[in-house]
Amino acid sequence: MPAAKLSGAALAAALAGPTGHTFTDHERLRRALTHASARHATGLDYERMEFLGDRVLGLVVAEMVFSAWPEAPEGELSLRLNALVNAETLASIADEIGLTDLIHVGAEIRRQPGGRRTNLRADALEALIAALYLEAGLDGARAFILRWWGPRATAAVVPRRDPKTELQEWAHQAEGSAPAYSIDGRSGPDHEPVFTVSVRVGGRPAETATGRSRREAEQAAAAKFLVREGVWAASEITP
1 MPAAKLSGAA
11 LAAALAGPTG
21 HTFTDHERLR
31 RALTHASARH
41 ATGLDYERME
51 FLGDRVLGLV
61 VAEMVFSAWP
71 EAPEGELSLR
81 LNALVNAETL
91 ASIADEIGLT
101 DLIHVGAEIR
111 RQPGGRRTNL
121 RADALEALIA
131 ALYLEAGLDG
141 ARAFILRWWG
151 PRATAAVVPR
161 RDPKTELQEW
171 AHQAEGSAPA
181 YSIDGRSGPD
191 HEPVFTVSVR
201 VGGRPAETAT
211 GRSRREAEQA
221 AAAKFLVREG
231 VWAASEITP
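Just so you know, the sequence shown maps onto residues 1 to 239 in our numbering.
Everything labelled a hint here was simulated from the structure, so no lab data went into it.
Since the structure is predicted, the reported quantities are computational estimates derived from the model, not experimental observations.
Do not rely on the hints blindly, as some may be mistaken.
[What the hints assert, rightly or not] Straight-line alpha carbon distances no greater than 20 Å define the calculated SDA-like cross-link-like pairs of lysine to any residue that follow:
hint, residue 1, residue 2
1, Lys224, Asn86
2, Lys164, Leu134
3, Lys164, Ser78
4, Lys224, Leu134
5, Lys164, Ile93
6, Lys164, Glu88
7, Lys164, Val194
All chains, please: the whole structure from these sequences, using the hints.
The following block contains the structure:
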């Protein structure tokens, strides 16, 4: 990720090929690629745009999956949708289109290892989708999403359920009770928090994990619990 903020014109030129659109609102585009840690110059960052882009992406991907798998039941469609819009998939696409190197972040974020920036790359991609939607409409956003998510949407492999859902079903079968999650701590600045969460099932030992959001930490703790109890193999956890 660059140390200096690129001009709006430079960002528009770099993204014209991957998005199929030449952005004319350069200030909005710059905002879409500015993390909260670097907003001191303008006071603006991509968080509001990320909110909108997430909804646009969800609609188009849901439509895509619905059309690609006409015989799939609702449960399978939900699994496929979740796999296509999770942070890991979005971060991977951000890398593929060259977006990662265009995100403007503060110095403290640049010093972090790449794995800590998965959510950041995913959020910036959603903000980019919002910028595309606001300038080129739903058709422009849909064309971009179909181009980069389409091959993944037609993959034959059915994604696994998310860890929290899997643990909930296993817990009811094994213990007759639901998993209990607790927040053990929160650290870091407001724009880059780290949550520590524990999960317990019945009288079994707890598992603890961290994440950039409460939900992310809960998912990680649930995955560790499933591995420890032999429900999942360790290889099933995304590094």
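Against the structure, the hints come out as follows:
no., hint, in the structure
1, Lys224 <-> Asn86, "holds, 19 Å"
2, Lys164 <-> Leu134, "violated, 34 Å"
3, Lys164 <-> Ser78, "holds, 14 Å"
4, Lys224 <-> Leu134, "violated, 40 Å"
5, Lys164 <-> Ile93, "violated, 25 Å"
6, Lys164 <-> Glu88, "holds, 17 Å"
7, Lys164 <-> Val194, "holds, 19 Å"
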